[in-house]
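Engineer: From first to last, the protein sequence lines are chains A and B. Following this note's numbering, the numbering of the first sequence begins with 90 at its first residue and continues without gaps. Following this note's numbering, the numbering of the second sequence begins with 1055 at its first residue and continues without gaps.
Some hints could be false.
From chain A, some residues computed to sit far from chain B (all C-beta separations above 10 angstroms) [stated by the list, open to error]:
#: 1; residue: Y99
#: 2; residue: R133
#: 3; residue: A181
Covered stretches of chain B, going by a simulated chain A footprint (3 or more residues, C-beta under 8 angstroms) [as the list claims (entries may be wrong)]:
#: 4; region: 1092 to 1102
#: 5; region: 1154 to 1160
What the hints contain is simulated information worked out from the structure, not anything from laboratory work. Quick reminder that beta carbons are idealized off the backbone N, C-alpha and C, glycines included.
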Amino acid sequence: DGGITQSPKYLFRKEGQNVTLSCEQNLNHDAMYWYRQDPGQGLRLIYYSQIVNDFQKGDIAEGYSVSREKKESFPLTVTSAQKNPTAFYLCASTGQPSYGYTFGSGTRLTVV
Amino acid sequence: AQSVSQHNHHVILSEAASLELGCNYSYGGTVNLFWYVQYPGQHLQLLLKYFSGDPLVKGIKGFEAEFIKSKFSFNLRKPSVQWSDTAEYFCAVDDSSASKIIFGSGTRLSIRP
C-alpha cells in the first residue's frame, strides 16, 4: 500500500537537544511538506521541498532544518533554537499541489 | 499572500442537525479549494476539493461545499450530522504561485448523541 510513514509516533526531548523526525513516502511524489499543528492555530508550514536536493522555508522555519537527499525521504530536525517545540508535526506529500496532499499520521513531540 | 479564515472555532450540534462551516480566502484569482477532516486519533483526510466547473462540490460521507467566487467563500455543509462526524475540519486553498497549500485554523465539531 502506498502512503506516508512518520516515526516515531511520540517523541520526548530534553531542553537543549536536537531531535529528528522521520518522514518516508512510497507514492513517488515529488513534493513533500512539514507542518506544525497547534490547538486553535491550524496547520502552519515549516519547510517544503518540490524536488530532491532543494527545499524552501515556510512560514515558521526558525529553529528547524530539513534535508531532501532522496525522493522518498524528508526528515525534519527540531533544533535547540526552537523556543516552543512541543507540538504535533505532520508530514505531507503530493504529486501536484492542486490535487491536494496525502498526510502521514503525525509525530507528537514533547519537551520535558 | 493568500490566507484562509475559518470563523467558527468550535461548533456544537445535536445529531440530525444541519451543518454549515464557514471558510473565506483572500486571493481573487484562480484557486483550488479543499476541505480536510481529522477524526480523533487519525490523520488528516481529504473530504472534497474544487478545481473548476460546478461550484457545488460533493464529497465523502454526505458532505458538500459551495464555491461562491464573488464572496471568496467555500462553505462546508451537511444536511444531517451524525455523532461520527465529530472531528476537526480544515479549509485550505492552493497557493499556486508558491506550490503550497494554505490551511485555515480549523473548526472543531462536536456532536451530541
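Engineer: Taking the hints in turn, state whether each one holds.
Structural biologist: Hints and how they fare:
| no. | hint | verdict |
| --- | --- | --- |
| 1 | Y99 | holds (13 angstroms) |
| 2 | R133 | violated (8 angstroms) |
| 3 | A181 | violated (8 angstroms) |
| 4 | 1092 to 1102 | holds (count 5) |
| 5 | 1154 to 1160 | holds (count 7) |
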